[in-house]
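Student: These are the residues of each chain, in order.
Number of protein chains: 2
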Amino acid sequence: MEDKQYESLLQKIKTRQTLNTDVLDEVMHSADIVAVLDEDDITDEDLKWFFSANDKEFLADVLEDADDKLQSRVVHQLDYDDIIKIFSYMPKDEIADILGDLPIGQRKELLNMMKASDSRELRVLLGYRDDTAGGLMTTEYIALYQDLTMYQALAKIREIAPKTEVISTIFVLNRTRQLVGWADLRDILSADPGLTIEDITDSHVITVDPLMDQEEVAQVVRKYDLTALAVVNRRHSLLGVITADDIMDVMVDEQTEDILHMGGVSGQEEIGGPIGVSIKRRLPWLVVNLVTAFIAASAISLFEGVIEQVVALSSIMTIISGMGGNAGSQTLSVAIRGITLGEINLKEDWKLVFKEILLGMLDGALIGLITGIIVSLRYGNAYLGVVTIMAMIGNLIIAGIGGYLIPLILEKIGQDPALSSSIFLTTLTDTFGFFIFLGLAKLFLPLLV
Amino acid sequence: MEDKQYESLLQKIKTRQTLNTDVLDEVMHSADIVAVLDEDDITDEDLKWFFSANDKEFLADVLEDADDKLQSRVVHQLDYDDIIKIFSYMPKDEIADILGDLPIGQRKELLNMMKASDSRELRVLLGYRDDTAGGLMTTEYIALYQDLTMYQALAKIREIAPKTEVISTIFVLNRTRQLVGWADLRDILSADPGLTIEDITDSHVITVDPLMDQEEVAQVVRKYDLTALAVVNRRHSLLGVITADDIMDVMVDEQTEDILHMGGVSGQEEIGGPIGVSIKRRLPWLVVNLVTAFIAASAISLFEGVIEQVVALSSIMTIISGMGGNAGSQTLSVAIRGITLGEINLKEDWKLVFKEILLGMLDGALIGLITGIIVSLRYGNAYLGVVTIMAMIGNLIIAGIGGYLIPLILEKIGQDPALSSSIFLTTLTDTFGFFIFLGLAKLFLPLLV
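Note that the protein sequences, when read in sequence, are chains A and B.
full-length UniProt numbering puts the first residue of the first sequence at 1, with every later residue one more than the last.
full-length UniProt numbering puts the first residue of the second sequence at 1, with every later residue one more than the last.
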């Protein structure tokens, strides 16, 4: 997209010039038009004009590419008649997503204004949670009866293809409308016209339940490299189809959620968003962190007498606790990756903790040795160095155990490991780090003073 | 997939029973067969037998679904003749990926054994780095000249479709083989037979350069919801096509890379992998962390005299530094998410740092107040509480500034913000946290003792 087109569109919207959408469609992708509409300069009034004055089929494409925020702004500005017209060009799963974000009263009014068959389909889709297979699926797909001849099949495909999202995968049903397999459009195009669909049906079809969580759905799609995944009920009737582009959106959602959670931010937060949201998403975790910081600090309080006699301990102890936190985070991130990809779970893989213990011993010995030598030289006391080495090894072993087991245990009890693992881990490595180092120092106190 | 089939396949491999692959194909997906081959029980000998004794077209599907590690094990076991036969059923981009991981001598020998046209195509693909558009693209796509009639087009599609990865998007070329647009198979199926491809061509086609980084490629595919993305050279000749399933693999790679990097692990590491790899990926960062831990600890050393007089400071200071680290991580994760999604950059959005400063003040005031009150009561000295509040506010402001600007600056100078941001941030919040708290304590020392 060139900047010229971008500026020109912005100008036209501001000066209320009706658009030649056929030409615009050729030079700008709807995703780029959305970027213009997302500009700060675009007021609600501009949006209202844009979505009322232009071609509805064109607007349907634009609205489909918009994010939730822009979609809800648009729908709040428009007359119901215009909304219904634009919806008539949009796939049902997108409409359901938009309706799902509306207040219940508005949603009902819009549903009542639609064709009975459309609103019935939408009510079914609206019955599923956004983050489940049912919430992701579209009802615009191609399904054919298995007894159709190739000729009949191709005629049917020509007829319904323009209204569907996926055409390369055709789902195959028996006459009681149960899913019996899938066919590849390639085969239909090149098959002997005398054959029926049944002859080219692959009965090995991957299906999911409408209630399956979207993260699991994404794993299934990725594992089998599917372009379309069938959602079926218990009697194996085809309810809808999930397409690859929706899965990519899920993957981005889950990814950003994991990144935010690992940083201690609950739920979605955008960097330019309102400060109130930021406080709401972050403050609770800071308060939880504060409690754990006090727990770690109280480990120090226990040994104030020791610190008073060897004040050098107060700076060395932060190295021990800090390195425990760092080493633990490394294990944690590898473990969370394994859990996210569905590669490890507590029951089968708990034994791998021994590898982390060994790693903690090796890394701890090396890092401890470096630290111990520097400490010995700096304070002129070799015993201080020995205490440092021992404490470092101990804390890095604990870090490895915690970094591996904490996320697996949280996963096992149904918690999101990305969200709360690091809090438990830091509490563990800080508290234990202070405790083991100052405890050892107290034990060897006569040698240190 | 049922466990029975899984067990039965494992059994058959172990007892060297040649498989009826037509039947197996119906009941097990190749991704599930890969899961069986990934079992610890499967030896190199088993793999060698499996990939020599069975139908090569079937084996090509299985090998395509295998991960890098299994692919390289298989290729190392097999005779070159068998490899070449299996390759003949695989898409070129997959073959190039496998060849790219082989030692150069082996790669050359295999290329020399292939058909000249195949090896020429593969040499071109091998010329691109794995993580670029050129490395991702396939050369199996449908491209048609714009002057073909619908009848000619359909005949051509029927002929080449079985060998291509994508069929719903058809790329359109002029007679000098430049890409002029794309056509939708739906339109070709339903168009008037008298029209030519040019009549239904959409000239607004999204293209990328073969050298574009895979993360950017993924952003383009997601933004425009593409099922196939065209890779072109400077004179707009079509070099290859990137498909949605390859983009999903990229997204998973980038996601897991970000998670590992944020935890301080450089490069890929699997939880069950060899301990040597773990040490190699983790130890360098631990050493870097150790240096920064010493920097923070030396801020404490400066004030050892103060701590000797008010030993309570030694436990409170860890709360100040720890909370700075926590608050900074929150800002950091929101910023990294924004950078990953391409939503923010240093030049345009540096002003948002003021929001983070404000957040630091507000959160700092509240968290500081709670901490200050507890400290005052615990040690019976209100001034100690006041020092705590001031230090907490100061450190949370610095945390907000650092958490926001450090990743943006690293991105700007071409570094991966997920990998090194947290090290700089922790150094900042630890060092500054100790410094401001102990510095203030020194200033108000007469009131504290």
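No lab work stands behind these hints, which were simulated from the structure alone.
Certain hints may be false.
Identical chains share a label here; the pair holds if one copy fits it or two copies do between them.
[To be verified] List time: in silico SDA-like cross-link candidates among lysine to any residue, alpha-carbon distance up to 25 Å:
| # | residue 1 | residue 2 |
| --- | --- | --- |
| 1 | K4 | V205 |
| 2 | K351 | A35 |
| 3 | K92 | A382 |
| 4 | K163 | P103 |
| 5 | K56 | D97 |
| 6 | K85 | L70 |
| 7 | K85 | Y224 |
| 8 | K223 | D44 |
| 9 | K12 | P210 |
| 10 | K163 | R186 |
Student: Each hint needs a verdict: does it hold in this structure or not?
Tutor: Hint-by-hint comparison with the structure:
For the homomeric pair K4 and V205, the shortest alpha-carbon distance between copies (18 Å) is at most 25 Å, but the shortest distance inside one copy (48 Å) is not. Within a single copy, K351 and A35 get their C-alpha atoms only as close as 50 Å, which misses the 25 Å cut-off; across copies the closest is 21 Å, which meets it. Proximity of K92 to A382 under the C-alpha cut-off of 25 Å is found in neither arrangement, the shortest distances being 73 Å within a copy and 63 Å between copies. Proximity of K163 to P103 under the C-alpha cut-off of 25 Å is found in neither arrangement, the shortest distances being 29 Å within a copy and 49 Å between copies.
In this assembly of identical chains, the alpha carbons of K56 and D97 lie at most 25 Å apart only when taken from the same copy (19 Å versus 45 Å across copies). In this homomeric assembly, K85 and L70 come within 25 Å of each other (Cα to Cα) only inside a single copy, at 18 Å, whereas the closest approach across copies is 53 Å. In this assembly of identical chains, the alpha carbons of K85 and Y224 lie at most 25 Å apart only when taken from different copies (24 Å versus 38 Å within one copy). In this assembly of identical chains, K223 and D44 lie within 25 Å of each other by CA distance solely across copies; the values are 24 Å between and 43 Å within a copy.
Taking CA atoms no more than 25 Å apart as the test, K12 paired with P210 passes in neither setting, with 44 Å inside one copy and 35 Å between copies. Taking the shortest alpha-carbon separations for K163 and R186, both the intra-copy value of 19 Å and the inter-copy value of 10 Å come in at or below 25 Å.
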